[in-house]
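Turn these sequences into a full structure, and let the hints steer you where they fit.
If you're matching them up, the sequences are chains A and B in order. Numbering-wise (our numbering), the first sequence opens with residue 21 and increments by one. Numbering-wise (our numbering), the second sequence opens with residue 21 and increments by one.
Note that these hints are calculated values from the structure, not bench results. Among these hints, one or two may not hold up.
Cut-off 35 angstroms, straight-line C-alpha distance, at most; resulting in silico cross-link-like pairs (DSBU-like, lysine-lysine) [stated by the list, open to error]:
#, chain 1, residue 1, chain 2, residue 2
1, A, K47, B, K169
2, B, K109, B, K169
3, A, K109, B, K109
4, A, K57, B, K267
5, B, K169, A, K43
6, B, K267, A, K148
7, B, K175, A, K175
2 protein chains.
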Amino acid sequence: MQTAQRPRVLIIGGGFGGLETAKALAKAPVDITLVDKTNHHLFQPLLYQVATAGLAAPAIAAPTRSLFRHQANLTTLLAEVTNIDAAGKQVHLSDGSTLVFDHLVVAAGATHSYFGHDDWATHAPGLKTLEDAFEIRRRLLFAFESAEKEPDPEKRQDWLTLCVIGAGPTGVEMAGAFAEIARQTLVGEFRRINPHDARILLIEGGPRVLQAMPETLSAKALSQLQNLGVEVRLNAIVTAIDAQGLKVRGPAPAGVLGSVDYTIASKCVVWAAGVAASPLGANLAKNTGCQIDRAGRVVVSPDLSVPGYPHINVIGDLAAAFSHRPGKQPTAVPGVSPGAKQMGHLAAANVLKRIAGKATHAFRYADYGNLATIGHNSAVVDLSTPLGPLRFSNRLAWWFWLLAHVYFLIGFRNRLVVLMDWAMAYASFSRNARVVAGTLEKPEHVGES
Amino acid sequence: MQTAQRPRVLIIGGGFGGLETAKALAKAPVDITLVDKTNHHLFQPLLYQVATAGLAAPAIAAPTRSLFRHQANLTTLLAEVTNIDAAGKQVHLSDGSTLVFDHLVVAAGATHSYFGHDDWATHAPGLKTLEDAFEIRRRLLFAFESAEKEPDPEKRQDWLTLCVIGAGPTGVEMAGAFAEIARQTLVGEFRRINPHDARILLIEGGPRVLQAMPETLSAKALSQLQNLGVEVRLNAIVTAIDAQGLKVRGPAPAGVLGSVDYTIASKCVVWAAGVAASPLGANLAKNTGCQIDRAGRVVVSPDLSVPGYPHINVIGDLAAAFSHRPGKQPTAVPGVSPGAKQMGHLAAANVLKRIAGKATHAFRYADYGNLATIGHNSAVVDLSTPLGPLRFSNRLAWWFWLLAHVYFLIGFRNRLVVLMDWAMAYASFSRNARVVAGTLEKPEHVGES
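So, in C-alpha cells, the structure goes:
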C-alpha cells in the first residue's frame with residue numbers, strides 16, 4: 021500500500037486550531053489522524069448562547085467526522101489522549117491503545133481554572149463544553165422555577181440572585197443574557213414572583229470589564245451592562261463559594277479607605293474567571309522537559325514546535341506563543357480563535373517544510389481586532405485596520421458582531437438556523453432553547469467535579 | 021381576594037392530555053395549577069427524531085410556562101407529585117410541600133416497562149423523555165465511533181449490530197432511521213469501517229409489525245423496512261439482555277417445527293416493546309381502592325373520573341378508558357395523542373359541569389385513524405373517514421405524515437425549524453443533530469436505572 025509510506029500526522033483536538041491544521045493539509049501527501057474526545061467541533065464563541073437558552077446545541081456544533089467527509093487523507097477518531105511519548109513518537113489513549121506518528125500537532129485547548137479551589141466547581145460551573153452549557157442552562161432556568169415555588173421571601177431572593185464571576189467576554193455576554201432573560205424573556209410567565217426582581221451581579225477582580233479592550237470601550241461596555249440592570253462589582257475578589265453563595269473582598273464604600281468583606285447569597289453562580297491549559301501541557305513538560313507557564317501552557321519555539329522536539333508542535337490555547345515580526349519585540353498571542361486558526365495554518369505549513377527538509381517559519385499573529393456583545397443591540401468592536409484602530413459600540417457594533425459570528429460558524433445549515441433563531445429572538449426577546457432534559461430531583465448531567 | 025374563592029383545579033402532567041385540559045379551562049372562573057416534573061411539553065411523536073440525531077431537542081419541546089404565559093388563571097409549577105391524598109384533596113410533592121385542590125386531573129402518562137426485567141434498562145434504554153433520546157443518540161453514534169477504533173473484526177461487528185425490540189410505531193420508526201443513518205447519512209465518513217456493514221434488527225414478539233394497523237398496511241410497512249435493509253424477526257421473544265447482546269426465542273428455520281433459541285451479539289439495543297403507566301396509577305389504587313389494569317392504568321368511570329371520587333379525573337396514557345356510543349358496546353381507547361387530547365377536553369368540561377352541579381358526560385373517542393413512518397418517502401396511513409377507511413402508503417403517505425406532524429407541533433417557531441431541518445435532511449440524507457455532549461469515558465447522562 022502506497023499510503024503506508026506517507027508521513028503520519030497526528031492532530032490532537034478538533035477545536036479551531038486542530039481543524040485549521042487538518043484543513044491546511046487536505047491536499048498534502050500525508051496520512052492524518054484527528055483525535056478528539058468529543059464527536060463535534062464546537063463554535064465556542066457562541067457557547068454562552070446555548071447556556072442561556074438562546075440556541076440549541078446542534079446549531080453551534082458540527083460532527084467533526086462529517087466536516088472531513090471529503091478529505092480522503094484524514095481519519096477521525098473519538099478518543100482521549102492520556103500520554104504523549106515524545107521520544108517514542110506515539111500517544112497513549114484512555115482505552116489502552118496507542119497511535120504512532122511522524123509529526124504531532126497538539127491542539128488540546130484549555131479548561132476552566134479555579135485557581136486552586138477545585139471545590140468551587142460544584143457551586144460555580146464554568147463554560148467550556150456543551151455539558152457545561154447544559155448545566156448552566158439548567159441552573160439558570162431552575163433558579164426561577166425554584167423561586168416560583170418558594171414561600172419564604174428571603175430564600176426566594178437567594179434563588180433570584182444570579183452571579184457571574186469574571187468580566188471577560190464570556191462573563192460579560194452571560195451577565196447581559198441573564199439580565200435580558202429576567203427583564204424581557206420571562207416577563208409575564210410567573211404568577212408568584214416577578215422575574216424583574218432578579219439581581220444579576222458581575223464580579224470582576226480587575227479595575228474594568230473587558231480588559232483586553234481599550235479603556236474607552238470598557239467604559240462603554242460597563243454602561244451598557246448597567247443599562248441592562250447588571251450590577252457590576254469591580255476590583256472585587258471572590259474568596260469563597262459554597263451552596264449558599266459567595267464571599268467577596270471588595271472596595272469599601274465611598275469615603276472609606278481600604279476594602280471590606282461581604283457575602284452574597286446566591287443559588288446560581290457561574291464561573292468565567294480563569295482558564296487553565298489542558299493537562300497535556302504538563303504531560304509534555306514531564307516527557308520533554310519543556311517549560312510551561314502559570315496557566316499550564318507550553319512555551320513553544322518561534323515556529324510553534326516544542327524545544328528540542330521539532331516533530332511536535334503545540335498550538336491554540338495550549339500554547340504560550342509569541343508573534344515574531346522583523347525588527348520588533350515578540351508579543352504574546354492572545355487566547356482567541358483567530359490566534360488558534362493562524363497557528364494551525366502555520367503548524368501545517370511547518371510540518372510540510374520539515375518533511376521537505378526545509379527551514380520552518382516563525383509564527384506571526386495578524387490581529388484583526390476584538391469584539392464582544394452585551395445584549396440586544398449592545399456590543400463593542402475594536403478593529404485593527406491598516407489605517408489604524410476602528411472602534412464603535414451600540415447598535416452598529418451589535419450587527420457587526422452578529423454577522424461576524426454567523427459568518428465564521430462552520431457549515432451552511434448552522435448559519436441559517438442561527439440567523440433564523442436570532443431573527444425571531446431579536447423581534448420577540450424570546451429564547452428558543454429553554455428546555456432542560458432533567459427534572460429538579462434527577463439532574464440530567466453528571467457534575468463537573 | 022376574589023380569586024381565593026374560585027374552585028382550584030390541579031392538573032398533574034404537561035403532556036397532550038394535561039395541556040388540553042388546561043387550555044379548555046382558559047376562560048373558566050377557576051384557578052388552575054399545572055404541575056410537571058420537567059420544564060417542557062414534549063411532542064413525543066417526534067422524539068425518535070431527537071434520538072436518531074435528526075432534530076435538536078428544542079425543536080420538539082416547548083417550555084410549558086411559556087405556552088401558558090397569557091393564560092392568567094393558570095400557574096405552572098416544576099415539581100414531582102409523590103402521593104395523591106384523594107380524601108384530603110391534596111397532593112404531596114417530592115420537596116415535602118403540598119398542593120390542595122377542589123378538582124384534580126391526573127395526566128401523568130406512561131413510561132417503559134421491561135415486563136419485570138428492570139435490569140434490562142441499563143442495556144436497552146427506552147424512549148419516553150428527552151434524556152432517553154440523548155442516551156439513545158449517544159449509544160447509536162458512539163457504536164459507529166467504537167467500531168472505527170476496533171481492530172478485531174468480530175468485535176467490530178458487535179458494535180455494528182443495532183437492535184430495536186418491539187415493532188410498534190416507535191420501534192418501526194427507529195429501525196427505519198437506524199437503517200438510513202447506516203446506509204445513507206454516514207456513507208463516506210469512515211476510513212476503517214463501512215457503515216453499510218451495519219446490521220439493523222427489528223425484533224417483534226407478535227406475528228406482524230404495527231399491529232394496531234390493518235394487515236395490508238402491516239405488510240406494506242414490513243416490505244418498506246426490508247427495502248431499507250432492516251432484518252425483521254417476527255414471533256421472536258427476547259428472553260435476556262446484557263452488555264453483550266440479546267437472547268431470543270424465535271421460529272425454527274423453514275421446514276423445522278417448533279422454536280429455537282439463539283443469541284444476537286450487539287452493543288446497541290433499544291427498547292420499544294412495552295409501556296407501563298405512571299406510578300401514580302398504583303398510588304391512586306392504594307388511596308382510593310380503584311382498579312388498575314395489567315399496565316398499571318386506572319380503570320375510570322365512563323366520565324373519566326375515579327369511581328367514588330368524582331372530583332378526581334384520570335386521562336391519557338394513565339387511564340384505561342372506554343369510548344361510549346349510544347347503542348354500541350364500549351370500545352377501549354388506544355394510547356395515542358388524539359385520545360389524550362380528547363380526554364383532556366372532556367375532563368375540563370366535566371369539571372365545569374360538576375362545579376355547576378350538572379351531570380357529566382361520558383367519553384366518546386373520535387378515531388381519525390393511524391399513521392406511522394418508516395423512512396425517507398416511506399409511511400403507512402390508515403384514515404377513518406365518514407365514507408369508510410382510506411389507506412395508503414409510500415411517498416404520498418410520507419408527505420401526509422410529515423405535514424400532519426408539523427401541523428400538530430406546538431408553537432410557530434418549532435414548526436418552521438422542523439420543516440427547515442427536514443427539507444435539508446430530505447435533500448441530502450444528512451442529520452443535523454449528530455452531537456453528543458459527553459465523551460466516551462464520561463457519558464453525559466445518568467443512566468435510567
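Going through the hints against the structure:
Taking the CA atoms of A:K47 and B:K169, the gap is about 24 angstroms. The hint holds against a cut of 35 angstroms. Of the supplied pair hints, the one linking B:K109 and B:K169 is violated, its CA atoms being roughly 58 angstroms apart against a limit of 35 angstroms. Proposed proximity of A:K109 and B:K109 is contradicted: the alpha carbons are some 72 angstroms apart, above 35 angstroms. Distance hint between A:K57 and B:K267 is fulfilled; the C-alpha atoms sit about 33 angstroms from each other, no more than 35 angstroms.
For the proposed pair B:K169 and A:K43, the alpha carbon gap of about 22 angstroms is at most 35 angstroms, so the pair holds. Between B:K267 and A:K148 the CA atoms are separated by roughly 42 angstroms; this puts the pair beyond 35 angstroms, and the hint is violated. Restraint check: the Cα-Cα separation between B:K175 and A:K175 comes to about 55 angstroms, which exceeds 35 angstroms; the hinted pair is violated.
Of the numbered hints stated above, those contradicted by the structure are hints 2, 3, 6 and 7, listed in ascending order.
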